[in-house]
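Chemist: Taken in sequence, the protein lines are chains H and Y.
Quick note: the first sequence uses the working numbering, first residue 1, plus one each step.
Quick note: the second sequence uses the working numbering, first residue 1, plus one each step.
Misleading hints may appear alongside valid ones.
Since the list gives no way to pick out one identical chain from another, each pair is judged satisfied if it fits inside one copy or across any two copies.
The calculated lysine-lysine pairs, modelled on DSSO-like cross-linking and capped at a C-alpha distance of 30 angstroms, are [claimed, not checked]:
no., residue 1, residue 2
1, Lys130, Lys103
2, Lys67, Lys130
3, Lys67, Lys242
4, Lys242, Lys197
5, Lys130, Lys242
6, Lys192, Lys103
7, Lys77, Lys103
Hints listed in this document are in silico derivations from the structure and should not be mistaken for laboratory results.
2 protein chains.
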Amino acid sequence: MKRLSLIGLGIVDERSVPLMGIDRMKEADVVFAEFFTSILREGSIQRLKEIIEKEVTVLDREDVEEKELIMEALGSKDNVCFLTAGDPLTATTHQELRIDALKIGCQVDIINSGSIFTAAGGMSGLQHYKFGRTTTLGFPEENYFPTSPHEMICDNMERGLHSLVLLDIQAHNDRYMTAPEGCDIILRMEEKAGIGKIGPLTMAVAIVRAGREDGKVLYAPIGEMKEMDLGGPPHCLIIPGKLHFMEEEVLELFRSGDHFDKSIRSL
Amino acid sequence: MKRLSLIGLGIVDERSVPLMGIDRMKEADVVFAEFFTSILREGSIQRLKEIIEKEVTVLDREDVEEKELIMEALGSKDNVCFLTAGDPLTATTHQELRIDALKIGCQVDIINSGSIFTAAGGMSGLQHYKFGRTTTLGFPEENYFPTSPHEMICDNMERGLHSLVLLDIQAHNDRYMTAPEGCDIILRMEEKAGIGKIGPLTMAVAIVRAGREDGKVLYAPIGEMKEMDLGGPPHCLIIPGKLHFMEEEVLELFRSGDHFDKSIRSL
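Input sequences plus hints: build the corresponding full structure.
Modeler: In structure tokens, the structure reads:
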């Protein structure tokens, strides 16, 4: 039976791939990958190729959405792998590929890996059960600046829930939104929407380079955070809701300039 | 500097561990693990020991909550690893351990892995952005049968959001709640709470043995699902909210008895 393996690469680099992902790639007839929905450390794919001793064809968004190359490969080969950073199937495009493969009678295997969806919550110290809906901030465009992410954050806040806020990735332009940029955009949305629930003193958690050796967690008011330099991508934000005392205790460890700075550098 | 590495083992077995997790264990002076918050395939730890060529001390809930053994190890050793199934830091107990280690000046590294929190959503085909709050069903006790999980599901439904419903694990009693048991409990909660939003015809998604070779997704009415035998643990449930047409298309593939049964056996 023909098999399509959707393999998550995790959130760091070739070393965040699970053993079974590596084994599956080694058996594969052809290996595709995409990096427009997320980002790994520089050189990850090169080093991965050396580990699996095989070529990896990186597809752009158009190729993945059209699905032609992958479906063609499934027509002529038995074992096709498709790699994405994070956990597979978090993006709609990948679900479409999965449906098409199932429809032609392929076996579709999913190999799970670390994802920012759970890593961010864990790093922040906030409880997974208290997260509301996740939202994503897009880079504002000249005539397009929807405030719906801001509404979603306010809605979560009102219910005492935390908001995971993912930040725009435009890999083709090498543009990755930072947590400070995100804070600025949230404040501008507040100005436009005028709900009055979020201000410069609202506290935010920046999750910076999650899972990496130079990863960082920072807890600061949005108004201060927007002026900071937190280094390279990837970043994301959490706007906390009502805090349990233990959540507060963890967050206090991540306030800027405190004596834990040295330890948190490696978080 | 002393270092505590919190390592996620993923959701399957020793092969769902990321390469960097294996490397870190190989360097470790001492390796602890716990399995009361989740479950891996039988024999995983034995096979992991062979891979890392090192002992792994499995702690029970009491040992982890008291933290004494791990903190003592950090006192006398430089490199201590603590392993958990899934992604680290999703359980409160692990956060407490992390805080204590940070407070004595340890470096705490987190090594992320696949988690049921994201794997379930991906397998179901439902969009991550449309999940509301996650809830957990506990085994009912004689004089304790709170209906709050049911309220949370209804609240999500009302807002058009999907609910991830985790199911009780009582590892010490070798009891793992199945999706059919979960459906039965949800219907009993409805009876008790009488909100009238959930009935036997409400559709549910069972995610069975996520990430494993004999994993399965099943889409069926709660009233039917509660009579089914879906095999061994781990299971979890999703109660969908408002469905996008593409979400519907995926779910239809997972209806019981349809021609995709053969393919989904390996999902």
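Chemist: Each hint: holds or not?
Modeler: Here is how each hint holds up against the structure:
no. : hint            : result
1   : Lys130 - Lys103 : between (37 angstroms within a copy, 25 angstroms between copies)
2   : Lys67 - Lys130  : between (37 angstroms within a copy, 25 angstroms between copies)
3   : Lys67 - Lys242  : between (44 angstroms within a copy, 27 angstroms between copies)
4   : Lys242 - Lys197 : both (14 angstroms within a copy, 28 angstroms between copies)
5   : Lys130 - Lys242 : both (9 angstroms within a copy, 21 angstroms between copies)
6   : Lys192 - Lys103 : neither (46 angstroms within a copy, 42 angstroms between copies)
7   : Lys77 - Lys103  : within (17 angstroms within a copy, 54 angstroms between copies)
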